[in-house]
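Each chain is listed here by its residues.
Protein chains: 2
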Amino acid sequence: MTEAIPDALRVPPGPVDLASIETDAAPGFDGKKKKGKGALFALGDELADLQERLWAEGTTGSERRVLLVLQGMDTSGKGGVLRHALGLVDPQGVRITSFKAPTEEELEHDFLWRIERGLPKAGFIGVFDRSHYEDVLIAKVRGFADEEEIERRYGAINDFEARLVGEGTTIIKCMLHVSAEEQRSRLLRRLDKPDKHYKFNPGDLDERKKWADYQAAYETAIERTNSEAAPWHVVPADKKWFRNLAVAQLLLHTLRGLDLTWPKADFDVEEQKRRLADEKPPA
Amino acid sequence: MTEAIPDALRVPPGPVDLASIETDAAPGFDGKKKKGKGALFALGDELADLQERLWAEGTTGSERRVLLVLQGMDTSGKGGVLRHALGLVDPQGVRITSFKAPTEEELEHDFLWRIERGLPKAGFIGVFDRSHYEDVLIAKVRGFADEEEIERRYGAINDFEARLVGEGTTIIKCMLHVSAEEQRSRLLRRLDKPDKHYKFNPGDLDERKKWADYQAAYETAIERTNSEAAPWHVVPADKKWFRNLAVAQLLLHTLRGLDLTWPKADFDVEEQKRRLADEKPPA
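Protein sequences appear in the order of chains A and B.
Counted the way the working numbering counts, the first sequence spans residues 1 to 283.
Counted the way the working numbering counts, the second sequence spans residues 1 to 283.
In isolation and in its complexed conformation, chain A is listed as follows:
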């Protein structure tokens, strides 16, 4: 029912035109909100099972791990994805890293330094809430780095991601794609609710003025880093239920593709059962 979603979201190679991708669509899914929420719930058991297999592998020497990169404009729902999609699996096996404005120490290093430190260990599903892509998005729009440096970074990102993939990481990159109009209504909702004021920052409205520049920066970044090893997905995110379902389905699709099997015992199971049966019960 949801199997068609990953292919429908995959960005084909070549130039990217975000305006041509509808933000309130539900590509690959035939249904509305209620059915979509049911479909997300229905993924839970398999997702949890596969995540535990990945984890189990990690405890027995496998180097495999998954890295989910979440990017998107403010209010696009990275937090919602974390709660509703990642919330379906064992929190022990998930490592979330949020990248804010870099600290002074981080600025003293290359932009990938802090990213390295946030990578998931073997067996984990790592999630980046924002990522090294900020270094070619906000950094470009706000001019924190010059053109030449931004150019260098596209290449550095491709090399970096290729290395991770070579080492056993499967990378899922998602841009949560909202419309400016939807962002406006989400920002207004934050302003209307005192318990959401903490999420609002007047600077968000200054960033919003640069909407077109951000879209252009995303288009270039996605095009330049849409590698075979680590391809991009654009997730229409005006419909929260679809956004959550889509990311969960991408994760499920990825885990299925790993052919995860339960590690074989490296001990004699029957012998251990006998040991337990024969023991003098501990006091």
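Worth flagging that the hints you see were computed from the coordinates, not collected in a lab.
Since the list can't tell identical chains apart, any single copy or any two copies may satisfy a pair.
Subject to a maximum C-alpha distance of 25 Å in a straight line, what follows is the list of computed DSS-like cross-link-like pairs (lysine-lysine):
#1 Lys280 / Lys209
#2 Lys100 / Lys121
#3 Lys240 / Lys33
#4 Lys273 / Lys199
Use these hints to put chain B onto chain A, whose structure you have.
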């Protein structure tokens, strides 16, 4: 309905006798499995709300955070607590740190060095899956440190925890208390299920032979570190549903005690609404 649990689990000052604390009881709760599962579910909304308040505070300069320390014999269910109790709140606001056998680098430092590095940041609920207590439990039972060093560590732990509390951390310490018989049946179940073999290690049966030594080490550790600032709770853990409910209730009780309020906006809300209303829509 579950409000009596925290007091019922709190270890009073003085010598500790684990044998006198029933492992299959449900102290402070009047009901069985079905009611207990319902009660856990019923805590979810308030727990999630309070966790978000803690998080919101953290984004606006508060130093407060919570640290849940989970200790217990193998199979006592630390992982189950993470899934079923911590799973009720936003995974973004939870930081889980699992402490395994120390690495070579960790061994080159004082035992609290790696603990410091795993502490939650402001606004987070940190969970230690095992902790610095291993350094006075397995370290004592297996003789990794001599008596004098173990003695030093009780004091160092008290100083350390008092410092954390002084800096804004609320500490909840739980020993998940299972019986040797219940451990046996859980180990047998692991051996019976090929998809749980990865959790089994023949060494677990060697540790099990030292059951009495471990119980004694727990008793001493709890007595010596059962401070006002960071008191201990013994959570009967033979009933998984009660174990999960009890830890969730302890967490809820703790968060309630923090009187968490939504941060006030440090900007003029109406002005920001006008800015959004007046803007030329971004292209």
